[in-house]
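S.K.: Here is how the chains run, residue by residue.
Protein chains: 2
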Amino acid sequence: MVLRLSRHSRMAPLLISRRFQSSFLPAPPFTIKDLNESTLEAKYAVRGKIPIRADELRSEIDNNPSHGLPYDRIISANIGNPQQLDQKPLSWYRQVLSLIQYPPLISKIEKLDPSVREHLYPSDTVERARKLLKSTGSVGAYSHSQGDAGIRKSVANFIHKRDGYPSDPSDIFLTGGASAAVSYLIQVLSCSEKSGFLIPIPQYPLYTASIALNNAVPIGYFLNEEKQWSTDPEAIRDLIAENKEKGIAIKALVIINPGNPTGAILKEQDIVELVNIAAEHGIVLIADEVYQENVFHGEFISVKRVLAKLLEQDHELYKNVQLASLHSTSKGVSGECGQRGGYMELVGFTREVRDIIFKLASINLCSVVSGQALVELMINPPKEGDASYQLYHHETLTIHKDLEKRALLLYEAFTKMADVSCQKPQGAMYLFPRLDFSREAYPALYKKADEMNLTIDELYCTDLLEHTGICCVPGNGFGQAPGTAHLRTTFLPPGTEWISSWAAFHEKFVAHYKQ
Amino acid sequence: MVLRLSRHSRMAPLLISRRFQSSFLPAPPFTIKDLNESTLEAKYAVRGKIPIRADELRSEIDNNPSHGLPYDRIISANIGNPQQLDQKPLSWYRQVLSLIQYPPLISKIEKLDPSVREHLYPSDTVERARKLLKSTGSVGAYSHSQGDAGIRKSVANFIHKRDGYPSDPSDIFLTGGASAAVSYLIQVLSCSEKSGFLIPIPQYPLYTASIALNNAVPIGYFLNEEKQWSTDPEAIRDLIAENKEKGIAIKALVIINPGNPTGAILKEQDIVELVNIAAEHGIVLIADEVYQENVFHGEFISVKRVLAKLLEQDHELYKNVQLASLHSTSKGVSGECGQRGGYMELVGFTREVRDIIFKLASINLCSVVSGQALVELMINPPKEGDASYQLYHHETLTIHKDLEKRALLLYEAFTKMADVSCQKPQGAMYLFPRLDFSREAYPALYKKADEMNLTIDELYCTDLLEHTGICCVPGNGFGQAPGTAHLRTTFLPPGTEWISSWAAFHEKFVAHYKQ
Chain A
4 MVLRLSRHSR
14 MAPLLISRRF
24 QSSFLPAPPF
34 TIKDLNESTL
44 EAKYAVRGKI
54 PIRADELRSE
64 IDNNPSHGLP
74 YDRIISANIG
84 NPQQLDQKPL
94 SWYRQVLSLI
104 QYPPLISKIE
114 KLDPSVREHL
124 YPSDTVERAR
134 KLLKSTGSVG
144 AYSHSQGDAG
154 IRKSVANFIH
164 KRDGYPSDPS
174 DIFLTGGASA
184 AVSYLIQVLS
194 CSEKSGFLIP
204 IPQYPLYTAS
214 IALNNAVPIG
224 YFLNEEKQWS
234 TDPEAIRDLI
244 AENKEKGIAI
254 KALVIINPGN
264 PTGAILKEQD
274 IVELVNIAAE
284 HGIVLIADEV
294 YQENVFHGEF
304 ISVKRVLAKL
314 LEQDHELYKN
324 VQLASLHSTS
334 KGVSGECGQR
344 GGYMELVGFT
354 REVRDIIFKL
364 ASINLCSVVS
374 GQALVELMIN
384 PPKEGDASYQ
394 LYHHETLTIH
404 KDLEKRALLL
414 YEAFTKMADV
424 SCQKPQGAMY
434 LFPRLDFSRE
444 AYPALYKKAD
454 EMNLTIDELY
464 CTDLLEHTGI
474 CCVPGNGFGQ
484 APGTAHLRTT
494 FLPPGTEWIS
504 SWAAFHEKFV
514 AHYKQ
Chain B
4 MVLRLSRHSR
14 MAPLLISRRF
24 QSSFLPAPPF
34 TIKDLNESTL
44 EAKYAVRGKI
54 PIRADELRSE
64 IDNNPSHGLP
74 YDRIISANIG
84 NPQQLDQKPL
94 SWYRQVLSLI
104 QYPPLISKIE
114 KLDPSVREHL
124 YPSDTVERAR
134 KLLKSTGSVG
144 AYSHSQGDAG
154 IRKSVANFIH
164 KRDGYPSDPS
174 DIFLTGGASA
184 AVSYLIQVLS
194 CSEKSGFLIP
204 IPQYPLYTAS
214 IALNNAVPIG
224 YFLNEEKQWS
234 TDPEAIRDLI
244 AENKEKGIAI
254 KALVIINPGN
264 PTGAILKEQD
274 IVELVNIAAE
284 HGIVLIADEV
294 YQENVFHGEF
304 ISVKRVLAKL
314 LEQDHELYKN
324 VQLASLHSTS
334 KGVSGECGQR
344 GGYMELVGFT
354 REVRDIIFKL
364 ASINLCSVVS
374 GQALVELMIN
384 PPKEGDASYQ
394 LYHHETLTIH
404 KDLEKRALLL
414 YEAFTKMADV
424 SCQKPQGAMY
434 LFPRLDFSRE
444 AYPALYKKAD
454 EMNLTIDELY
464 CTDLLEHTGI
474 CCVPGNGFGQ
484 APGTAHLRTT
494 FLPPGTEWIS
504 SWAAFHEKFV
514 AHYKQ
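Those sequence lines, one after another, are chains A and B.
All residue numbers for the first sequence refer to the numbering used here, where the first residue is 4 and numbers rise by one.
All residue numbers for the second sequence refer to the numbering used here, where the first residue is 4 and numbers rise by one.
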């Protein structure tokens with residue numbers, strides 16, 4: 004027996020004879036026309052044309068010292084990816100994760116001098132690693148397709164504590180970020196090209212992309228920019244009536260709260276109205292609540308909490324409401340995007356329907372087990388008195404304050420820019436300022452955009468990138484009211500220099516194009 | 004600013020007034036009839052009815068000391084999940100992964116006494132962690148959607164070394180296990196309900212499940228059991244002709260080598276024939292090579308290597324062949340299923356087609372970054388002379404020998420069972436023995452199966468589970484020639500006791516049903 008023959012020993016020559024090659028003619032090349040059309044049509048602007056151009060510029064800067072660009076680095080403001088920038092991971096998370104990746108370390112460090120040991124791993128990190136390992140076993144083993152049972156129980160406790168209403172561990176699915184949950188839900192609800200999904204406009208483009216991949220119909224409901232991007236229930240009801248008339252079966256209503264890309268936070272009354280719409284029309288609610296920890300103004304209220312309260316008040320009226328709520332370890336003060344942790348809670352789904360979602364999860368085997376463990380660490384952090392508490396508290400508070408500070412700085416910069424308006428940030432990681440460049444005031448801009456076959460926001464973001472190295476995403480990647488132009492930027496990049504260079508660019512841009 | 008208000012402070016009461024609840028009637032409940040039909044039809048036996056029953060029995064054993072079952076544990080032989088059983092993770096992998104999860108540990112251990120330090124982390128693990136961190140940055144950041152560029156370069160080098168032919172890093176996609184790659188490929192190639200996929204029978208049920216989810220047509224080509232589960236190119240050509248006549252556009256030919264569930268290894272000549280078919284008919288080759296390290300007899304030859312050789316001999320004839328090869332950290336001697344690492348190499352795809360696959364990967368953001376790092380550790384292990392080499396060599400050799408031993412022991416047990424035949428294992432982690440229970444010799448068995456609405460293999464596996472606690476999967480979950488009955492079992496469970504209890508069960512089963 005030779006282990007890994009091909010890697011460690013000389014390869015045996017291949018004995019292919021020529022007689023196999025003359026008996027047929029080759030087929031023509033395989034092209035894009037041979038592909039699934041829905042995969043051609045799906046769009047995902049967050050990693051689209053402008054970020055791809057930013058990658059090219061970045062590689063030019065890295066590989067060519069005499070690149071001649073007027074900047075020395077690319078500012079990635081296109082994606083909520085805090086640890087790509089300067090955000091440090093929380094020590095608590097990483098200490099426990101390192102122990103569960105290498106369990107023999109636990110007994111090895113126990114043999115060290117206590118002062119050395121506590122410096123490496125505070126006692127509660129060791130305890131938590133032990134507890135997690137007892138529940139999951141090796142993180143190298145597939146877990147239950149729905150996720151580890153012990154962690155799902157923890158999630159249910161977290162929800163109970165957060166909302167004041169119980170949650171059932173068998174309703175919890177641990178998923179690879181929230182994206183995997185969105186895919187399962189859209190896939191399972193897309194019955195035909197007449198299945199409709201109500202999504203907020205602007206939206207996070209994962210929704211339109213998933214809907215396109217499943218040949219279903221996106222039905223955008225406009226958020227009210229003037230009223231801090233709030234929802235308008237009457238407009239949603241009108242859309243439902245209108246689409247029902249066209250024969251569209253509306254399957255789900257997507258709520259993103261705190262909002263991406265808007266940074267808005269829904270008020271309790273708004274959520275009640277959305278639950279009422281779901282109850283009346285038999286529409287599944289998909290509550291994307293991944294930014295629930297990123298709150299600067301107002302209070303995050305989960306859709307689950309509102310639904311539970313309404314059920315308490317009138318069980319008959321609300322008993323058929325189905326809600327899927329999503330959370331993730333990628334956002335909040337965690338920012339652990341690359342670890343792919345998240346969960347979905349299904350409320351009010353029948354056992355049969357849940358079983359189908361379970362089957363989809365099974366086909367993907369399981370979500371990454373270290374990411375499942377990270378969910379546990381996020382929802383069940385050190386408590387006052389625990390060895391890790393002080394550091395944890397300090398780190399989370401610093402991140403949170405820092406994000407708030409950056410949000411306000413950037414917001415203030417936008418308020419000072421000519422012909423730009425911006426809603427004050429309440430939460431999440433984004434601003435979605437509007438470019439008020441009217442056709443009357445900016446005829447040369449519209450002429451140039453037409454020539455280049457770009458929209459106003461595309462042209463602005465392209466110019467911004469080329470002149471400053473700042474990469475953000477045109478509003479049309481998220482959807483916007485007709486005739487308006489926006490852009491989405493994160494407020495994650497560190498420092499203020501990039502904000503000044505943006506302001507300087509803007510001034511020149513306006514001076515160049517304004518009549 | 005209050006951080007995480009809802010978690011740390013008293014919740015504000017919800018102010019829902021009753022006036023919102025009386026203005027509508029509730030919609031009827033949402034049922035399975037409201038779901039996407041293709042999600043109802045997809046089947047995935049590896050985690051299907053029998054494994055779900057095994058879960059129930061396991062929880063009965065755990066929670067009820069007087070359970071009355073004739074066994075005290077469930078033997079999970081249904082899934083290739085080595086670390087769920089007794090396989091220990093390789094120290095090399097886990098040491099590096101623990102360092103990249105908690106990078107401050109690197110400088111902390113450097114302050115320790117050298118003898119203590121080396122005991123915790125051999126020097127090459129620290130070096131590799133540094134190198135990986137330099138490439139990926141924080142594992143908590145999203146990577147490039149296609150995977151970290153440095154790791155993709157490593158993968159291309161590994162393939163070059165393995166096959167003797169170069170590989171291009173821009174053709175490599177790092178994926179969450181091989182499953183994610185299979186999903187992308189089937190999705191992108193499924194144009195309509197007339198898109199066909201040639202899959203081996205028996206197959207790994209991920210293929211039929213993905214094909215069903217995309218409303219495409221699975222076209223099974225039978226492997227030749229009598230000839231060690233080899234392929235029959237003439238039969239495949241006949242199937243192509245037959246299906247073309249029916250208007251089916253055949254999009255891809257799936258090859259699983261080493262075979263799952265058959266444990267067979269394809270010979271060079273067989274692979275040449277399959278490449279010829281692809282070249283002649285313009286069919287994409289999907290080579291699932293996740294068991295390439297699990298080889299006991301014969302030699303693993305990659306499809307890439309054969310194609311590269313053929314291209315060298317006759318470029319014109321083979322230049323349009325498209326091949327996607329898959330590998331994973333879940334199998335081999337790694338067995339790191341829960342870490343979700345893997346890669347796909349695309350050969351001969353046009354830039355345009357690759358861009359569409361890239362877009363699908365982008366919609367999922369990125370595969371888990373620690374899993375990407377694990378790919379690097381798998382393909383680029385310690386070399387002779389490195390601090391970790393001896394332990395790494397010992398651990399991998401032990402796992403490999405142990406798997407081979409278990410495979411042979413189980414194989415021998417099957418050869419001794421009445422009315423069972425089994426091909427000698429060559430690789431992978433499975434045996435796929437045939438139950439030769441003819442209707443003539445076993446009339447009572449067929450009668451009972453008919454009554455219970457089960458196939459012979461389902462009845463056998465159900466009885467095996469109920470009587471011994473051994474969980475394996477009926478052959479019909481993988482596909483089998485009409486009129487035959489098989490089962491798939493891994494040879495991963497430790498010890499020989501379970502094999503003896505299986506043999507004893509079999510004897511009783513035959514005695515009970517045979518005329």
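Think of the hints as simulated: they come from the structure by calculation, not from any bench.
Take the hints with a grain of salt, since some may be wrong.
In this list, chains with the same sequence are indistinguishable; a pair is considered to hold if it fits within one copy or across any two.
What the hints assert, rightly or not - Subject to a maximum C-alpha distance of 20 Å in a straight line, what follows is the list of computed EDC-like cross-link-like pairs (lysine to aspartate or glutamate):
no.	residue 1	residue 2
1	K137	D241
2	K164	E500
3	K52	E454
4	K36	E355
Just so it is clear, the structure is predicted and the values come from calculations on it, not from any experiment.
S.K.: Please go over all the hints and tell whether each is borne out by the structure.
M.R.: Each hint, compared with the structure:
| no. | hint | result |
| --- | --- | --- |
| 1 | K137 - D241 | neither (53 Å within a copy, 54 Å between copies) |
| 2 | K164 - E500 | neither (42 Å within a copy, 47 Å between copies) |
| 3 | K52 - E454 | within (18 Å within a copy, 61 Å between copies) |
| 4 | K36 - E355 | between (38 Å within a copy, 10 Å between copies) |
The structure does not agree with the numbered hints 1 and 2 stated previously, though it agrees with the rest.
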